[in-house]
Amino acid sequence: MIVAKQKPLSELTAMLDGYRNVLAVGCGTCVTVCFAGGVKEVGILASALRMARRLDGQPMSVAETTVQRQCEAEYIAPLAEGLDEFDAILSLGCGVGVQTLAERFPDKRVLPALDTTFMGLPTEQGVWEERCQGCGHCVLDITGGICPVSRCAKQLMNGPCGGSQGGMCEVDSDTPCAWQLIWERLDRQGLADRLLEIQPPRDWSTSRDGGPRRIVRDDLRLPPPEDV
Amino acid sequence: MTVAETPFEPKIVAFCCRHCAYAAADLAGTSRLAYPPSLNIVELPCTGRVDVLELLRTFEDGVDGLLVAGCLPGRCHYLAGNLHARQRVDYAQRWLEDIGLEGERLRMINLSAAMGAQFAELATEMAETIKSLGPSPLGTRRAAGEIPTTGCAACGDPAPLLAESAHDRGDGR
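Protein sequences appear in the order of chains X and H. Per my numbering, the first sequence starts with residue 1, numbered consecutively. Per my numbering, the second sequence starts with residue 1, numbered consecutively.
If we strip away everything but chain X, and leave its shape as in the complex, we get:
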């Protein structure tokens, strides 16, 4: 899932300075399950913002809604009705959700309530950890299902480095060394010898160096109107 966290209230009140009628929009997908931007979090934040602004002597109305999926135009289309009455939209979606709203409603100010942080999983209730950076070239087949791109601070492909101490990373003593985990996993599977094969330098062109990435599936695209 995409994991996000709410921005501090002080940052949001500064961002919303001057607005008097705001629509807070949550998302029912990733940010709901990481407790950052679902129905309940929208309610809490909206209530907090209303109270903070009332105490500042600048009351602000904050209406609440949550769409099932903020990152697809079809799901946010119903918001168009009644949107005129709002000065701004406060999105509790991930960065994709914010941008989907901004693209769909280009005349409306769309502001982010969350800091989108990483793609990850909950390791225990209330704790989320990063597991994927979307590098565009998955190597989990080689590394026993443990990602060195997202979990090794140096993104090494032939680890571990000398900073691996007692199974932990020198960058943070609470972070397991990804390459220690990789060696242990493949050893457990009887495949540790595969790690003796040196991996060549990675091709990072699939990652973030070339601007926004795009996937086109011709088999899924709609035919041009003139052909229909």
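Hints may contain errors.
[As the list claims (entries may be wrong)] Here's a subset of chain X near chain H, in silico, CB distances under 7 angstroms, partners left out:
id : residue
1  : Met1
2  : Lys5
3  : Lys7
4  : Gly38
5  : Ile44
6  : Ser47
7  : Ala48
8  : Met51
9  : Ala52
10 : Leu55
[To be verified] From the derived model, a few chain H residues whose C-beta atoms are all more than 12 angstroms from chain X:
id : residue
11 : Ala117
12 : Thr124
13 : Glu125
14 : Pro137
Calculated from the structure, these hints are not laboratory results. C-beta atoms are modelled at their ideal positions from N, C-alpha and C, and glycine is treated no differently.
Following the hints, position chain H against chain X.
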């Protein structure tokens, strides 16, 4: 006596677990122990039912203080409801301070059903704390008509959700 001279009687809501604090309040009453009449008790099946959203909305509605009263640690009828409530109260206190309200306006206490005297004592102590803090600025501002309130006529939600939303499906919260 004019309105301005009326002594401040804090409006306090107490979310009480039915297995302990609610019974303790009952015991205080039957034992003729006085506690502040301004305490509005809401019976809950367990303080684990308390949610941060409800705590904040109660303050938004203008209450001066809020007491969450659950079972003694280790004595929750649902194992850990009172411990979850404590975590949520702590979290809500941080929200209150960020908003600009005093965190002391929200407090959690733990009691057994036999602790009627302690309930009366703690409720009185809470009322004194709130009296020293004064009325909630949210309550007074609301009374002065400074709050633009729009709400759902069906459920009283102060900030109604839009069409096609969880609110309209009835499963919003």
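Evaluated hints:
{"no.": "1", "hint": "Met1", "result": "violated, 19 angstroms"}
{"no.": "2", "hint": "Lys5", "result": "violated, 14 angstroms"}
{"no.": "3", "hint": "Lys7", "result": "violated, 11 angstroms"}
{"no.": "4", "hint": "Gly38", "result": "violated, 9 angstroms"}
{"no.": "5", "hint": "Ile44", "result": "holds, 5 angstroms"}
{"no.": "6", "hint": "Ser47", "result": "holds, 4 angstroms"}
{"no.": "7", "hint": "Ala48", "result": "holds, 5 angstroms"}
{"no.": "8", "hint": "Met51", "result": "holds, 5 angstroms"}
{"no.": "9", "hint": "Ala52", "result": "holds, 5 angstroms"}
{"no.": "10", "hint": "Leu55", "result": "holds, 4 angstroms"}
{"no.": "11", "hint": "Ala117", "result": "holds, 35 angstroms"}
{"no.": "12", "hint": "Thr124", "result": "holds, 27 angstroms"}
{"no.": "13", "hint": "Glu125", "result": "holds, 25 angstroms"}
{"no.": "14", "hint": "Pro137", "result": "violated, 6 angstroms"}
Violation of the numbered hints given earlier is confined to hints 1, 2, 3, 4 and 14; the remaining hints are satisfied by the structure.
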